[in-house]
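Student: Heads up: the sequence lines are chains A and B, in that order. Position 33 of the first sequence, counting from 1, maps to 32 under numbering that gives the first Met the number 0, and the rest follow consecutively. Position 48 of the second sequence, counting from 1, maps to 47 under numbering that gives the first Met the number 0, and the rest follow consecutively.
Please keep in mind that the hints were generated in silico from the structure rather than gathered at the bench. Accuracy of the hints is not assured; some may be wrong.
Mimicking BS3-like on lysine-lysine, the simulated pairs with C-alpha atoms at most 25 Å apart in a straight line are [to be verified]:
#1 B:K17 <-> A:K187
#2 B:K17 <-> A:K10
#3 A:K109 <-> A:K29
#4 A:K109 <-> A:K167
#5 A:K29 <-> A:K110
#6 A:K28 <-> A:K75
Taking beta-carbon pairs under 10 Å as the criterion, some of the chain A residues facing chain B (in silico) [unchecked claim]:
#7 R164
#8 Q166
#9 G189
Every residue gets a Cβ at the ideal spot worked out from N, C-alpha and C, and that includes glycine.
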Amino acid sequence: MTRIIVITSGKGGVGKTTTSASIAMGLAKKGHKTAVIDFDVGLRNLDLIMGCERRVVYDFVNVINGEATLNQALIKDKRCENLYILPASQTRDKDALSFEGVGKVLAELKKDFDYIVCDSPAGIETGANMAMYYADDAFVVTNPEISSVRDSDRMLGILSSKSLRAQKGKEPIKEYLLLSRYSPSRVKLGDMLSVDDVQEILSLHLLGVIPESLDVLNASNSGVPIILDEKSSVGQAYTDIVARYLGEEKVHRFIEEERKGLFGRLFGG
Amino acid sequence: MSLLDYFKKRSNTANTVKNRLEIIIAHDRAVSRGQPSYLPALQQELLEVIQKYIAVGQDAISVNLEQNDNQEILELNIALPDETKKQEPKIPVKLKKSRRNKKR
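Chain B extracted, bound-state conformation (with noise of 0.2 Å):
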């Protein structure tokens, strides 16, 4: 460190970058280690009940649990179609045969 440095603003960008890191990390731990079997199946199965009322693709919907310190919280997040889509006559029709398919 030379003389000129002691009057260069500090930016300590350190301490930002330790706290995005503590936060990705503990979300990516969640997603591929921590990650609670049963969450595949309650997404699918919400995916389902939200398919009965609204016309959404399979993607539509995504689920994650968070752990923080003391507490988990779990993250739903649903994208409803805009609009235009939902006056679309074949939705609804996808609608029933994928309702059909799931009672078989």
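Only chain A is shown next, with the shape it has when bound in the complex (with noise of 0.2 Å):
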């Protein structure tokens, strides 16, 4: 059976691109072929973050209206056979999607694929709607910070009132916290949310956190999704992410501050 994510968050901002390409990359790596879907329509950049830009020839919208088939829009991943990425079109907007549309070329791509990534859009309007509406799993993309939890909540409260799930009486889109940027440092000088205090506050259950890295923009400036940077921490949180979505026992990681030599310690870093 075939699951549709979806990646979304509310904010902007918040990594909902660098984490659906990372998660797409990481199931595909697990040997699950994997769909990653752009639907910021009017403002492609999941093309940019998976390094495959020059090679979009047709879009998500171009596949709707029937102007290009579903395989000519798929652009497979070069690093790994198993992904596939279906890119968002940049000059229309966002009302070039239709729920009939999208629902259609869902349908179409389940029969291929075992997973398919929805990079949503911000905001709660018709991208980031039809984005969340076929999932049967949400990720939710949060940053401990008042405005993203805040908009968090109220993604949440859309997931469970306006998807299909939601409207069919079926059982309801399971619910999943990545708490990204998140500096255990700062929680320990009490001038930044804790895990725990996000989790209490959503009532979620906690997929990963993600640790506030420089190693992310290095990742989207070369246009390696940053799961395949091994050393980077960041990489490895979404690693943890995929296998525990995946049902592997993961101890969580990059909650508690790294430890440091002596040197360290006295001149930070």
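Could you use the hints to bring the two separately framed chains together as a complex?
Tutor: This is the structure:
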């Protein structure tokens, strides 16, 4: 059975596209045939994070409108044969998406793929509604920061009332918390919400904590999903998250401050 | 954390933000999810009653139901017009009109 995962948050800039790219790559590397779709029509970005921007010929809207077949529009990843990217249209506006059109494309993808990862745009308008409508699972990407937590809660309300599962009275969407840009040292100093605080407020199942790191910028600069950077704590965090999602037991990491040597403790870094 | 940090003043804004979030999210949820279905009707009827006596606009009243641990608070806010507006002759006329409309 194919699972449709929506990567959502409400607020912008919390790491949805970074997460979509890495989760999709992680699932594909585990041997699952995976498609990742950019729902941000008009503000296409996933192709850049995946490093395939120069290979985009047709897009999601072309497929919906019958101007191209799904196979023509899907871009096969060069690093992992199980991974395909469906880019958003850069020239249309978000109203080019319709529930019917999106549903058709997803139904066709379901025939071939194990996982479909939907990269939601920010906000709670058309694009975001389309991205979450057909979802089975939702990864709610949240930063330990006031506006992000509030927007995540708002998005949870939308997931539980406006999704297909909610409207048909089916089993609700499974919701998971991904706490990103986490800084254990700032939590320790008392100026950042802790994992426990956020979990208490949102009461969500924690899939993983992604530490704040400069590696993310380097990865997006070079068009490589951060999960492929095995040395990076962020890459490791995403690897753990994928494993946990697939049912493996993994102890949570990156919640406590890294232990430094005497030199580091004295002079910081 | 470096040695210098030990001498910095601890702000502990994390507690502040947690408290603010708990309040605002409880409020958001009451409005978007848990709002009882009678609230809009209650608001409309209250508005009609008030309009019988005072010239207020359609948006002059707000009704909120807040839930705390073990109590519910029904908050009613009515914005009264200022003195100058009250004396304008047009408003009572409007009021009559709207009253007639409601009777139909």
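Student: Check the hint pairing K17 of chain B with K10 of chain A against an upper bound of 25 Å on the C-alpha distance.
Tutor: holds (18 Å)
Student: Is K17 of chain B close enough to K187 of chain A, meaning Cα to Cα at most 25 Å?
Tutor: The hint holds at about 15 Å.
Student: Just to be careful, I want the Cα atoms of K109 of chain A and K29 of chain A compared with a cutoff of 25 Å; is the pair within it?
Tutor: With Cα atoms ~18 Å apart, K109 of chain A and K29 of chain A stay inside 25 Å; holds.
Student: Straight-line Cα separation of K29 of chain A and K110 of chain A no greater than 25 Å?
Tutor: Answer holds: K29 of chain A to K110 of chain A is near 19 Å, not above 25 Å.
Student: Need the status of pair K109 of chain A, K167 of chain A: alpha-carbon distance at most 25 Å?
Tutor: Roughly 20 Å between the alpha carbons, so the hint for K109 of chain A and K167 of chain A holds.
Student: Quick one, is the G189 of chain A hint okay against chain B at 10 Å, beta carbons?
Tutor: This hint holds: G189 of chain A lies near chain B, its Cβ roughly 4 Å from the closest one there, short of 10 Å.
Student: Assess, step by step, whether the Cα of K28 of chain A is no farther than 25 Å from the Cα of K75 of chain A, and give holds or violated.
Tutor: holds (14 Å)
Student: Under 10 Å, Cβ to Cβ, is where Q166 of chain A needs to be relative to chain B, so tell me if that hint holds or is violated.
Tutor: violated (15 Å)
Student: Please verify that hint: R164 of chain A, Cβ, nearest Cβ of chain B, below 10 Å or not.
Tutor: Since the shortest Cβ distance to chain B is 16 Å, the answer is violated.
Hints 7, 8 from the list above are not met by this structure, while the remaining hints are.
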